[in-house]
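Visitor: Starting from the two chains in their separate frames, assemble the complex, guided by the hints.
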Amino acid sequence: MEKTTLFDKIWDSHVVKSVPAGPDVFFIDKHFIHEVTSPVAFLNLETRGIGVKYPHRTIATPDHNVPTVDQDQTIKDKLSRMQVEKLRENCKKYGIELHDLGTAHHGIVHVIGPELGVTQPGMTIVCGDSHTSTHGAFGAIAFGIGTSEVEMVLATQCIMQSKPKKMRISVDGELGKGVTSKDIILYIISKISAAGATGYFVEYAGSAIQNLSMEARMTICNMSIEMGARGGLIAPDETTFNYLEGKQYAPQGEEWDKAVAYWKTLKTDEGATFDKEYNFDAADIEPMITYGTNPGMGIKVVGNIPSTEGMEGSNKTSYLKSLNYMGFEPGEPVKGKQVDYVFVGSCTNGRIEDIRAVAEFVKGHKKADNITAWIVPGSREVEKQAHEEGLVKILEEAGFELRQPGCSACLAMNDDKIPSGKYAVSTSNRNFEGRQGPGARTMLASPLTVAAVAVTGKITDPREVFEN
Amino acid sequence: MAYDKFTVLTSTAVPLPTENVDTDQIIPARFLKATERAGFGDNLFRDWRYDVEGNPKKDFVLNDPTYSGKILVAGKNFGSGSSREHAVWAIYDYGFRCVVSSFFADIFKNNCLNIGVLPVTVSPEFADKLLAAIEAEPSTEIEVNLPEQKITLLSTGEFESFDINEYKKSNMQNGFDDIDYLLNMSTEIDAFAADR
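These protein sequence lines are chains A and B, in that order.
Residues in the first sequence are numbered from 1 upward in steps of one, following our numbering.
Residues in the second sequence are numbered from 1001 upward in steps of one, following our numbering.
Next up, chain B with everything else stripped away, as it sits in the complex (with noise of 0.2 Å):
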């Protein structure tokens, strides 16, 4: 479904510098119930985030009011796992409109393009320099370009290039999603599947 444009983000950012974070912990399976989309940023990181009892963990980054914003900065292998877009539904309602990774996930990646959230692959050194960055001064501003396809830490203006293809970019810029484009495909849709 349609969702809001992206086209230059600057925002301070939450750092979780943890390898491999698997979708079941972005959002476990017990909470993908709904018939609808709509709450799941309460259930983001669910266990990380609450006790059994529901209590706040105080050491989890999102219960830590030092760091906020709109970029989530992940480690390594981020989003590994289950399909369920879920993940990026709980990671796009709780506030993130783009997560910064030296390395994603296939299914989660083409998760986040399809509803609206960047995914942002930098060099490990570049994602080292960003979690240090942050973690040292909370109140770090980071600028995603997606027109220029450029991120960069605003307190020292380093930046790295980052890679979309053409299509998915303009996509983002103007807030579209396949089916958009899938649907006035029809008639070649249908020839194609005659022959099958």
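Bound conformation, chain A alone (with noise of 0.2 Å):
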């Protein structure tokens, strides 16, 4: 028999048909929406004269553009607000379910999914936003699509792919103390570029990989974009079926025990062969951080910024642009660099683990005058645990403004902004120009190092401020 590899498994079994010298014809399990990539959509099935083929299949939440204070009141923003109550109106008239401001369980898109148990191995996951690869984590073939796309799955649930090429990046051995998975992908980032893996389906594997919580996955899975890649996704195991059981989606019963024997065969066969392989050792990786303009700029925090050695061009002009926007120069060490905002949340570090992380460090330490520390948690779940932990009390007891749950200043759509030319150290995912707000500058690094940043007030190596 053929050997294949997860991603081919998964792939092959949802093609409704390959049109010749063309893309496939794939078949979407599970389709999610906010408000922000979905309202032209709707518009054109309006246009065109269509409805929604499988309502079931959706689900939807505003997270892009809201408020994190204050939810239970009109949102202020005239234009959010229109978004907002476009994706009510949408999903009212097709039927689509709506997790909204204020109920139970609202948050970023890529927190809830995984929280209710819609995300499910074998499955096919779309949603008009490139971190959608975060679901990749439960062996599911998870990706961003723009809106024309969204609206090919609301009309039929299919979308036209070509099958991208497929990528294996292992990670074995033991991860050192207080280095954690964001540190890996930041790490995998840093070595392969920010394009490295255009093209390419990625399945992470090795040890380091599987012995990772599920929150710890997805934030790994979630970053696959970063290097370009479609999505990135992780074998399921015992780890997957104990965080999926009992929630609410899930399977129960017999189905359960018929959901996991199928799950179970989602693995790439031995012998299986990939376009391209990566290995590292995770005894190599240390805590990281980024310095410059793209996320494949990363170093470990003890690290010096490269030097313009070898660089000409293009290349070079490129580079001493994003040092410039960053206010670096080439070759100087981050560490001791003032900062002035932490921020800790978005679908890359907004769960409970990461809270758990951060809230554990500071616990009896007080953040520095000069750091403005925001805490957004990534779904009122997760928000609802900080408080039952007593995290919450330990961080404000630190200096950190506890937030709504939402997006944030992860893309600053809404309040949440970092000033212009101001230092933010933040556990999301893009350190684009801008991203923050406009003139923000945006070094990304795990929740450790961000904890270990708000009490120093600089860049710090988090092995050095906290024991054990």
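Treat the hints loosely; a few may be bogus.
[Claimed, not checked] For lysine-lysine, the following DSBU-like pairs were computed, each having C-alpha atoms within a straight-line distance of at most 30 Å:
hint, chain 1, residue 1, chain 2, residue 2
1, A, Lys422, A, Lys321
2, B, Lys1058, A, Lys321
3, A, Lys422, B, Lys1058
4, A, Lys78, B, Lys1057
5, A, Lys316, A, Lys300
6, A, Lys267, A, Lys165
7, A, Lys335, A, Lys300
8, A, Lys422, B, Lys1005
9, A, Lys384, A, Lys300
10, A, Lys76, B, Lys1169
11, B, Lys1033, A, Lys92
12, A, Lys165, B, Lys1169
13, B, Lys1076, A, Lys191
14, A, Lys17, B, Lys1169
15, A, Lys163, B, Lys1076
16, B, Lys1129, B, Lys1057
17, B, Lys1033, A, Lys9
18, B, Lys1070, B, Lys1005
19, A, Lys264, A, Lys9
20, B, Lys1169, A, Lys53
21, A, Lys86, A, Lys53
[To be verified] Chain A regions said to be covered by chain B (calculated; three or more residues, Cβ under 8 Å):
hint, stretch
22, 16–27
23, 407–417
Hints are computed from structural coordinates only; laboratory data are not their basis.
Don't be surprised by glycine CBs; every beta carbon is placed ideally from N, CA and C.
Guide: Written out as structure tokens, the structure is:
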């Protein structure tokens, strides 16, 4: 029998038809929508005079532009309010399940999908958001799409896609103290570059990946897009099944047993081939931070910004433009640089485990005076748990400001903006120019590094601040 | 939605050699709050094009009257990051119909093809040649011939072939989109969905 990869198994079983010399007609099991990339898709459906084919396969939540304060009140920003109202209207009109602001399961779409158990192994999942790759942590093919494709899924439950090439990234061995899954993915992207996996779908494998919790796996898959990959996935195992068991939308009883039996078949056959393979040693990975304006520009926190040696032409010009934006010089260390803001949140690191990690580390400490510290839970459920576990109290005592769930300062569509020229160390996923507000300077790092920065007020290796 | 058919485009071009231009630069998130597809061209490259007071920045290429045209010749890894189709809407709305680069981000490229902007991938050497020719002589014309899958620098006659799959090529030439195709498959899709 032909040896196939996990990716092949899921992809091939979702092809309705292969167009000769063209893409595959690819069936989508679950579709997530939010207020920003869906309104034009719905509008186009109306223009065409067609409806939503399978409303029960789509789930909606407003997350990108929503305020993170006073969510029980009318949204003040007119355009944001109109987008959220449009989402409500469209969900009502077409019978789509909506997790609205203030309801028990409201939150960032990529946080609530797994929390509700909607995300399951073997599925194909899309959303008009590039971080849909997050759901790959469950052994699903999940990726971001444009609004035209959102319209296609609403209208036909299919999109036209050419099958990407396959890449496997293996990380084996034990992670060092203070090193998290965020450091793993920032390390990988720094090695293969922000475009190194363009055209590929990635499978993450190896003992260091298998040893991670579901939350930590989601952080890795989430940032697959930051190296250009359409998505990334991890074979489901006992960790996956334990996470899903009992979740609202997970199969129950006999159905559960049947599902698990199927999910156990979802792995890459021994001897299956990939178009490209990378192998990394977990012991080489240290706490990481970015210094530039794409996620591939990462170094260890105790490292120096690369010099321009060997660079020329537009490569060098682009590199210097990036450092100029950040206010950094080639060759200098980042450690010790003064910081103004820290942000804990986003679909990358806004889950309960991330908030727990920060709370454990800052317990008994105070944030530095020069730091504004925002903590934005990924969902209402995370927020609730953080209260119940006493984490909110610890964080507030340390001087963190807890806000309500949403994408918040990750992309600064709402009022949560980092002022121009200020430095933010952020647990989010993108350090692009202006991403966290016009002129904002973002450095991406793990929740632990962010905790260390919050306490010291400057770029700090978490291993130097906290014992154990 | 339907768009203008694309066959042969002959135009001057705008050079933007910066590498790794992400879709947050093409259109910042704060301009994604529309519920209709209109007016995105005004905010194309907003923060590179205008200062905080809204005054045009003289050193940005879109504010330089020397350069104009329907073709954008861009640096390597163009369109990375967010899947926002608004980035391509902004490019289309501004008046570009074709983007040329030696390397495109995946989702961006798909989005282009879905709304009728032709992404043309050329070799890094040919991209450099185009950029140098435009910068030396802004009136230089480029011909993008979709039926022949050929891009030509008209001043010298130098050309390169480019790839596009037959299905997408035919869509672009006829102004069709994928939904037209998928809606015709309704019965097959229903049969497929019944088992899932």
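Visitor: What's the verdict on Lys316 (chain A) and Lys300 (chain A), does the C-alpha distance respect the 30 Å limit or exceed it?
Guide: holds (22 Å)
Visitor: Verify the proposed pairing of Lys163 (chain A) with Lys1076 (chain B), using a straight-line Cα cut of 30 Å.
Guide: holds (23 Å)
Visitor: Can the restraint linking Lys267 (chain A) and Lys165 (chain A) be considered satisfied, given a maximum Cα separation of 30 Å?
Guide: holds (17 Å)
Visitor: Within 30 Å, alpha carbon to alpha carbon, are Lys1076 (chain B) and Lys191 (chain A)?
Guide: holds (18 Å)
Visitor: Sort out whether Lys321 (chain A) lies within 30 Å of Lys422 (chain A), counting only the CA atoms.
Guide: Since the Cα atoms of Lys422 (chain A) and Lys321 (chain A) sit roughly 17 Å apart, the hinted pair holds (cutoff 30 Å).
Visitor: Verify the proposed pairing of Lys86 (chain A) with Lys53 (chain A), using a straight-line Cα cut of 30 Å.
Guide: Between Lys86 (chain A) and Lys53 (chain A) the Cα gap is close to 19 Å, so the pair holds against 30 Å.
Visitor: Given the hinted pair Lys1070 (chain B) and Lys1005 (chain B), is their alpha-carbon gap at most 30 Å?
Guide: holds (14 Å)
Visitor: With the threshold set at 30 Å, check whether the alpha-carbon distance from Lys422 (chain A) to Lys1005 (chain B) stays at or below it.
Guide: violated (46 Å)
Visitor: Given the hint that Lys76 (chain A) pairs with Lys1169 (chain B), does the C-alpha gap stay at or below 30 Å?
Guide: It is violated: about 45 Å lies between the C-alpha atoms, which goes past 30 Å.
Visitor: For a C-alpha distance cap of 30 Å, please report whether Lys17 (chain A) and Lys1169 (chain B) respect it.
Guide: With a Cα-Cα distance of about 19 Å, the restraint between Lys17 (chain A) and Lys1169 (chain B) holds, given a limit of 30 Å.
Visitor: What's the verdict on Lys1058 (chain B) and Lys321 (chain A), does the C-alpha distance respect the 30 Å limit or exceed it?
Guide: holds (17 Å)
Visitor: For a C-alpha distance cap of 30 Å, please report whether Lys422 (chain A) and Lys1058 (chain B) respect it.
Guide: Status holds; Cα separation ~25 Å.
The earlier numbered hints that this structure contradicts are 8, 9, 10, 17.
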